[in-house]
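**Q** Here's the letter readout for the chains.
2 protein chains.
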Amino acid sequence: MRVERLPATSAPRLSDHLDIRPSMAFDRRAIEAVQRVVSSAPIRFELWDGFSVGSEGTSAVATLRLKNRRTLFSWLWDPELNFGEAYMNGAVDVRGDLRELLTAIYRALPESKRRGSREADKHDLGASRDNVHAHYDLGNDFYRLWLDQELLYTCAYFPDPAATLEAAQIAKMDRVCRKLWLTPGERVVEAGCGWGSLALHMARAYGVEVVACNISTEQIAYARERAKREGLDGRVIFVEDDYRNLTGSYDAFVSVGMLEHVGLDQYDALSRLIDRTLAPHGRGLLHFIGRDYRETLNAWIRRRVFPGAYPPTLHEVCERVFEPPRLSVFDVENLRLHYAMTLRHWFDRFEQHAADVCAMFDDAFVRAWRLYLAGSQVAFETGTMQLFQIVFNRRGSATLPWTRLQ
Amino acid sequence: MRVERLPATSAPRLSDHLDIRPSMAFDRRAIEAVQRVVSSAPIRFELWDGFSVGSEGTSAVATLRLKNRRTLFSWLWDPELNFGEAYMNGAVDVRGDLRELLTAIYRALPESKRRGSREADKHDLGASRDNVHAHYDLGNDFYRLWLDQELLYTCAYFPDPAATLEAAQIAKMDRVCRKLWLTPGERVVEAGCGWGSLALHMARAYGVEVVACNISTEQIAYARERAKREGLDGRVIFVEDDYRNLTGSYDAFVSVGMLEHVGLDQYDALSRLIDRTLAPHGRGLLHFIGRDYRETLNAWIRRRVFPGAYPPTLHEVCERVFEPPRLSVFDVENLRLHYAMTLRHWFDRFEQHAADVCAMFDDAFVRAWRLYLAGSQVAFETGTMQLFQIVFNRRGSATLPWTRLQ
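Chains as they are written, first to last, in our numbering: chain X, 1 to 406; chain W, 1 to 406.
In short, the hints are calculated from the structure, not lab data. Be a bit skeptical, because a hint or two may be false.
[Said to hold, decoys possible] Computed, partial: chain W to chain X, Cβ under 10 Å: (1) Tyr157; (2) Glu319; (3) Arg394; (4) Ser397.
[To be verified] Covered stretches of chain X (in silico footprint by chain W; criterion: 3 or more residues with CB under 8 Å from a CB of chain W, positions within the stretch not fixed): (5) 308-316; (6) 391-402.
The beta carbon of each residue, even a glycine, is placed where N, CA and C say it ideally should be.
Produce the entire structure from the sequences given, and follow the hints as far as they go.
**A** What follows is the structure, given as C-alpha cells:
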C-alpha cells in the first residue's frame, strides 16, 4: 500500500477553485461521455454544480458526485486508474452502497477484447521484496483489526455459507492438508507463508515438518514468535528469504496466495524450484487468484494495492509451471464464491474498525482499502476473477489417492 | 480398426525363408541395439535361432522372441510403430505377461524431449466420419462381448476399486449428471453419444430433455432403438450428424470421450459450438483422454486403432476451447487410475471372449486389440496418459453450486 508516498492530489489547487464556477457545456458533454461507457448501469452522475445524467430517482443504485473538473477529465483520460484515485482522494462522493455501485459497473463494462496484454513488471529479487514490503509490512496491528484470529489473508473455505470466518479459515487449512494427503513425519515446503498459520497448522494437526519462507520481515518475525510460543519451533522453520532460494527435498510443496505476486516472467523459476524440491513421490498444491482469460490486473489496484501482481489463467500456469517438468494435474477447484464471501467478512470488519484505521493512517488510506476490499468482493462475485486451488503430483506417482478429497 | 484393409505382412515371403538361417554378427548387433533403448527394463530379447540378450532367467518379466530378420530391422527403423505391427502379425512371441512387459517398457523408455510435436491429421467432416467408422462401426456384437451391459466405452468411476464394471459405469454417469447439477425439465446437448447410455440415463434419472449426436451409423441406430423400447424417444433425440452441425440453446453441454478424436485443428470449431449452444446460465462437462505434456499419440495406435486421435494437454484445452468465449473452469478431476481399472476389466473380458473375437475377425485382430487394451491400461497406470473431467460454466454465472460435487 503506497498511498502515503504518492502526491496527495486531494490537496486544494488553483484549478479546484475554478470548479466552483457552474459547469459549462463541455463539462456536461464530458460527464455524458463517461456515463455512456457504463450506460446500462443504474447509476446517476452528478457534477459539482448539481448538473446530472444517468439513471433517475430510485432506479439508481448509487449517485456519483464529482467535486471538480480535474477529476471529471481524469476519468475521460484513464477511467480504470482514476476512478480509484478520485475515490481514494475524496474527489468523488458515492451516495448509495459502494458494492452495489461496483457490481453495476462490472456488469455494464464492455468486455475488454484485449488478448495477450501481458504485464511487463519485473520480479527480480529486489523488486519482489519492494512489492511485498509495500503491502504486507503495513503493521501486524492493522491486519489484526479485520482478519481472523489466525491472521489468514487468503481465501477461506466455507463448508456452509453461514460459517464464521474463523471456522472457514480453519476449514481451508484442513482442506489444503487433506488434498495433499499429508502423513505424520513427512516434510513439507511452503513458499510464501504469511503469518505462518498454515505451516503451524500442518505441523500441529498433521504431524509434518515444515520449512516455510516469506520475504515480509514483519510476518516472519510474528510467525517465529508464534512457533516458539507453541513449542513448534523444532518442527517448523521460518526462513526470511525469497522462494527462489529454497533448497532441500520434500514430500509436499504448498503455496497459498503467492503465485499472483510471482509474475509471469518468474514462472520458469517457480517451475524449476518445484522440480528441484519435490521428491519422486511428491505432490503439491498451488492456491492463487486467476482469470478465465488473459488480462492485466486493474491499473489502480496495481498502483495502490498490489504492485507487480498478475492473476494468471489456468492455461498459463499449466504451460509454464507444470508442463516443463511434466508434473501431472490431479485436481483443480475454483473457489471464487468462497473468496467473495471471505472478502465480505473482511469488508464488514474493516468498516467496523474504520476509525481505528484512520487513526493509524489517514482518510485516504481508509477510502483506498474500502474500495480495494469492496472491488475485490465484487470481482469474485461477478466472475471477473477466479480462485484456483490445483493439486499436482509427479508424473506417474504411484501414491495417488483413489478418489479426490470428498 | 483397420487391420483387415492393410497388407497382411504376416504372410510368408521370400525374405522370411532366409531367416531360417542362423543369426549373423549384424543381427546380433541389431538386437543389442534394440535392447539398449530399454536397457533398464527386465526383458530378454531372443532371435529366431535362440541367440539372446537382456535380463537373465527369473529376473526377466518377459521374453520377446523375434521370428525373422525383417521384424528385427523394422524395430531399429521405427520401434514405436513396428513393435505393434510385429505383435499384431505374430512376428514376435511374448513369453510372460503382456501387461508386465508393457509396464517395464513404459518405465524404461527415455522420456521424449519433443515439445510441440503436433499431429497434422485433418479433421474435416469427411475425415472425421472415416475415423469414427473405422473404430466404432466394427459391429455392436463385438463390443457387447467385452463392454458392460450399458455399452459404455469410456472411463468408469469406481467409488471403490472393488466395484464391478457395471456399477462403476452407472456411478460415472451419475457423477457426470451431478457435476452438471441437472434439474428436471432442463435441456442438455451431448456431443458424441456412443450407444446412447448417458443420454438415456440423464433423461430417465434426472428428468432432462436431451439432443445427442454421433456420426457412427451403427451406434445411432442402436441408441434410437433403445430410446423407443424404453419409451424415452420423446425426450431423447438421437441425431446422426457431426457435432459441428448442432444447433439450438441448452442449459448444459456434455461430451464424454469425444475431444480426443476432435483434433487440435478443430478446437476453435468446438469452442464456437459450445459458445453458440450454451444458455447464459449454462454449464458443461468435457471428459477426455489427455496428457501432462505435448506429445503425439503412439504411432501404432494411430495407424491401427484410432486414426486422427490426439490426447491434448489441459493447457491446450483451456487456451483453445475455454478462453476464446471466456468460459470459466469450475472443477477438474483427473481419473487416470479409474481408466486403468476400467481397461483392466475390458482386457479380462476381452481375453475371455478371444475365441469369439477370432471367429468374427481373425488372429491378427485379436492380437491387435489385446495389445491396444493392455497398452492403454499400462499407459494410464504409469501416468503416460491422463483422464480429465472438466466442469465449466459461463463467466459470472450466478447458478454455481456453493461446493463442488462431494
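**Q** For every hint, state whether the structure bears it out.
**A** Right, here's what the structure says about each hint:
1. Tyr157: This interface hint holds because 9 Å falls under the 10 Å limit.
2. Glu319: With a minimum Cβ separation of about 4 Å from chain X (threshold 10 Å), the hint on Glu319 of chain W holds.
3. Arg394: holds (8 Å)
4. Ser397: holds (7 Å)
5. 308-316: holds (count 3)
6. 391-402: holds (count 5)
Consistency note: the structure conflicts with none of the earlier hints.
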